[in-house]
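J.: Knowing the structure of chain A, use the given hints to seat chain B on it.
Protein chains: 2
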Amino acid sequence: MMAARARDIGVTLRPHLKTPKSLKVAERAVPDKSAPITVSTLREAEYFAQGGYTDILCAATTTANKLIHADKIQQQTRARVLLVCDSVETAQAADMRAGELTASFDFLIEIDCGEHRSGVQPASPELLEIADTLKQADRLNLAGVMTHAGHSYATDMSDELAAIAENERAAAARSAEAIRESGHECPIVSVGSTPTVLHAAHLEGITEARAGVYLFWDLAQASRGICALDDIAVTVLATVIGHNKAGASLVLDAGALALSKDISANTYLPDVKYGYVCDAKTGEPYPGLSIRDAYQEHGMVPVPDESWYERLPIGSLVRVMPNHTCMTCAAFEGYDVVLDGEIVESWPRVNGW
Amino acid sequence: MMAARARDIGVTLRPHLKTPKSLKVAERAVPDKSAPITVSTLREAEYFAQGGYTDILCAATTTANKLIHADKIQQQTRARVLLVCDSVETAQAADMRAGELTASFDFLIEIDCGEHRSGVQPASPELLEIADTLKQADRLNLAGVMTHAGHSYATDMSDELAAIAENERAAAARSAEAIRESGHECPIVSVGSTPTVLHAAHLEGITEARAGVYLFWDLAQASRGICALDDIAVTVLATVIGHNKAGASLVLDAGALALSKDISANTYLPDVKYGYVCDAKTGEPYPGLSIRDAYQEHGMVPVPDESWYERLPIGSLVRVMPNHTCMTCAAFEGYDVVLDGEIVESWPRVNGW
Numbered sequence: 001m002m003a004a005r006a007r008d009i010g011v012t013l014r015p016h017l018k019t020p021k022s023l024k025v026a027e028r029a030v031p032d033k034s035a036p037i038t039v040s041t042l043r044e045a046e047y048f049a050q051g052g053y054t055d056i057l058c059a060a061t062t063t064a065n066k067l068i069h070a071d072k073i074q075q076q077t078r079a080r081v082l083l084v085c086d087s088v089e090t091a092q093a094a095d096m097r098a099g100e101l102t103a104s105f106d107f108l109i110e111i112d113c114g115e116h117r118s119g120v121q122p123a124s125p126e127l128l129e130i131a132d133t134l135k136q137a138d139r140l141n142l143a144g145v146m147t148h149a150g151h152s153y154a155t156d157m158s159d160e161l162a163a164i165a166e167n168e169r170a171a172a173a174r175s176a177e178a179i180r181e182s183g184h185e186c187p188i189v190s191v192g193s194t195p196t197v198l199h200a201a202h203l204e205g206i207t208e209a210r211a212g213v214y215l216f217w218d219l220a221q222a223s224r225g226i227c228a229l230d231d232i233a234v235t236v237l238a239t240v241i242g243h244n245k246a247g248a249s250l251v252l253d254a255g256a257l258a259l260s261k262d263i264s265a266n267t268y269l270p271d272v273k274y275g276y277v278c279d280a281k282t283g284e285p286y287p288g289l290s291i292r293d294a295y296q297e298h299g300m301v302p303v304p305d306e307s308w309y310e311r312l313p314i315g316s317l318v319r320v321m322p323n324h325t326c327m328t329c330a331a332f333e334g335y336d337v338v339l340d341g342e343i344v345e346s347w348p349r350v351n352g353w
Numbered sequence: 001m002m003a004a005r006a007r008d009i010g011v012t013l014r015p016h017l018k019t020p021k022s023l024k025v026a027e028r029a030v031p032d033k034s035a036p037i038t039v040s041t042l043r044e045a046e047y048f049a050q051g052g053y054t055d056i057l058c059a060a061t062t063t064a065n066k067l068i069h070a071d072k073i074q075q076q077t078r079a080r081v082l083l084v085c086d087s088v089e090t091a092q093a094a095d096m097r098a099g100e101l102t103a104s105f106d107f108l109i110e111i112d113c114g115e116h117r118s119g120v121q122p123a124s125p126e127l128l129e130i131a132d133t134l135k136q137a138d139r140l141n142l143a144g145v146m147t148h149a150g151h152s153y154a155t156d157m158s159d160e161l162a163a164i165a166e167n168e169r170a171a172a173a174r175s176a177e178a179i180r181e182s183g184h185e186c187p188i189v190s191v192g193s194t195p196t197v198l199h200a201a202h203l204e205g206i207t208e209a210r211a212g213v214y215l216f217w218d219l220a221q222a223s224r225g226i227c228a229l230d231d232i233a234v235t236v237l238a239t240v241i242g243h244n245k246a247g248a249s250l251v252l253d254a255g256a257l258a259l260s261k262d263i264s265a266n267t268y269l270p271d272v273k274y275g276y277v278c279d280a281k282t283g284e285p286y287p288g289l290s291i292r293d294a295y296q297e298h299g300m301v302p303v304p305d306e307s308w309y310e311r312l313p314i315g316s317l318v319r320v321m322p323n324h325t326c327m328t329c330a331a332f333e334g335y336d337v338v339l340d341g342e343i344v345e346s347w348p349r350v351n352g353w
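As you go down the protein sequences, you meet chains A and B in turn. Mapping of the first sequence onto the numbering used here: residues 1 to 353, in sequence order. Mapping of the second sequence onto the numbering used here: residues 1 to 353, in sequence order.
Excised from the complex, chain A in its bound form:
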């Protein structure tokens, strides 16, 4: 779906693999290993580079102390790791470190398109100063600009999403234009978040779009109307380990460690709590069942009536749909792939830094 969307809107898709962090998932989303991908940490970059991917954007701003890791990846694999910076300071420190390593690095400059997390203002003097610093650096290459409209998660209105998408596009396109007018090339113009890629009216001036959570979806996205419940690919398998009849609750062996304490779906779907409880076979949510309290290894599920103790006796299996799949998946070493109710494969993932 997202590949078709990128084709339709005329940009290259650079999937963000920070959600699955799995080579098996990557090989389905990006079968051509020379095609671009995005990651959030150098550990992920290393993992995917070792798996054969060669065009890897590490999307959080880097610092000079991390270049030794990026260099190792570039030395030991065929990958080029595209790094990000948003300050002259970092560009200068990176150039010095690159000299010590006798290595060279490609950089994108990060633009702030309204999230106000990181990045310089679009087409600002600071942007051009960083561009000049990168161009003048012996061992750094200015590869382009990137921006991320993370604030697109703060609405569930599609007209607002379209406006945020247009701001994101314009911020990146204007910045690329300013860099070109100052005499430098700006080959990559990268934007993205799953909601904005889906809601942009057009992506003129943009070369590539990044999106990641669409690979699995989650309740945070469903709550904002970006996907349907049925699209959510990942659930946590749990066992009913108790019936707390005095508290009118089922007790599950999935708590805060298995689900995370992320409750970001609740802004728009307050009945989600720590996640919807679903039929283990069909994956369908049981009406009215969600995890209200999450202890380290216990999840408490209030039941509307006593019939649930028969319906879900102690020892039965359920699945839990996650609020925020990036957070939930990070507790696990991999995925059991279910086809027609049977586990057909196990796909490992990478965690940590």
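Mixed in with the good hints there might be a few duds.
Have a look at the derived ranges for each label pair, beta carbon to beta carbon [stated by the list, open to error]:
no., chain 1, residue 1, chain 2, residue 2, range
1, B, A154, A, R311, 23 to 33 angstroms
2, A, P304, B, A103, 30 to 40 angstroms
3, B, H116, A, Y268, 47 to 57 angstroms
4, A, Y268, B, E204, 34 to 44 angstroms
5, B, G225, A, Y268, 32 to 42 angstroms
6, A, L237, B, D32, 32 to 42 angstroms
7, B, G52, A, G225, 23 to 33 angstroms
8, B, Q136, A, P313, 13 to 23 angstroms
9, A, Y268, B, R28, 28 to 38 angstroms
10, B, T282, A, A4, 36 to 46 angstroms
11, A, D159, B, G283, 29 to 39 angstroms
12, A, P287, B, T282, 46 to 56 angstroms
13, B, E333, A, L237, 33 to 43 angstroms
Worth flagging that the hints you see were computed from the coordinates, not collected in a lab. Just so it is clear, CB atoms sit at the ideal spot from N, CA and C, and this is done for glycine as well.
T.: Coordinates of chain B only, in the frame set by chain A:
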């Protein structure tokens, strides 16, 4: 400290290792590997059994589908895994499963001493029914009772903690007495949470106390007056990756994955947010610096004034004190042990299920 406390109050300490999940930490807390330990999952039980521990309580209620894992641990190591149940249903299903496995299992019955998460009421008919079921089962052994005053975290008043500790003690002791009066032995009478073990006036009728978070401490405990900031042993090392001057913030490369979204210290210390930011060398908190927003890989730290950009330039290292160390440590594969500012050892840990 906790070992001395247990000696003073006349009980055996059964440290809960769900916080560190590390053999290297266990070997310091419990040097005698035949001494009792507590874990929260069978994965941990297996890890510590393989490491030589032989008396392992898996403190969350079990179900029959998990006995194959417990059996494997008992077959492959010298460990005895002490399991927990709080229903006749589970005891019956476990006996049937034990028969199929031709294995036998020791059980504690869980008592609810006021947390209302799991467990039966103290000295209740249901308790005695479970005790009878376990005694009559061919392959199960009634080893005693256990309770956990998890609601001790809901206060920072030491007189309330003392009252909760007394309820916890009385619930377990009365239940053990009722089991003995019904004609069965009840060798283990187990209570605990770090705050109640520290605040109990006495532990008459109790044989052992469980406590875990004291092994590392965290801001949630410090916020409740259970420990001092200086006692907190684990911090997350992070790099300042940006200066967001428009937003008057430092940007760190430690976000929700590295810190977790647990903000449980904030009830009593609202300035903690996602964690205090500390000097990387000394570990001392910087006054007024904490992580206000936690994205997947970014942490935003508002600064009181511009001097912080010079004090903590891009590329500098800081440490972050965690809200809830059990949650934070679970994102990592292990610990770098720092002595006099140098990393002297790396201690692995076990994660997952």
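J.: Give a verdict on every hint.
T.: Checked hints:
As the Cβ distance of A154(B) to R311(A) is approximately 32 angstroms, the hint placing it in 23 to 33 angstroms holds. Distance hint check: the CB atoms of P304(A) and A103(B) are about 38 angstroms apart, consistent with the given range 30 to 40 angstroms. Look at H116(B) against Y268(A): about 30 angstroms separates their beta carbons, and that is not inside 47 to 57 angstroms. Between Y268(A) and E204(B) the beta carbon distance is about 52 angstroms. The supplied range of 34 to 44 angstroms is therefore violated.
At roughly 37 angstroms, the beta carbons of G225(B) and Y268(A) sit within the given window of 32 to 42 angstroms. Range check, L237(A) to D32(B): Cβ separation about 37 angstroms, and the 32 to 42 angstroms hint holds. In this structure the hint that G52(B) and G225(A) lie 23 to 33 angstroms apart at CB is violated, the actual value being about 54 angstroms. Taken as a hint, the range 13 to 23 angstroms holds for the pair Q136(B) and P313(A), whose Cβ atoms sit roughly 21 angstroms apart.
Y268(A) and R28(B) have their C-beta atoms about 47 angstroms apart, which leaves the hinted 28 to 38 angstroms range violated. A C-beta distance of roughly 55 angstroms is found between T282(B) and A4(A), which places it outside the suggested range of 36 to 46 angstroms. The supplied range of 29 to 39 angstroms is broken by D159(A) and G283(B), whose beta-carbon atoms lie about 49 angstroms from each other. Distance hint for P287(A) and T282(B): a CB-CB separation of about 54 angstroms, consistent with the stated range 46 to 56 angstroms.
Between E333(B) and L237(A) the Cβ separation comes to about 23 angstroms, which falls outside the hinted range of 33 to 43 angstroms.
Of the numbered hints listed earlier, those contradicted by the structure are 3, 4, 7, 9, 10, 11 and 13.
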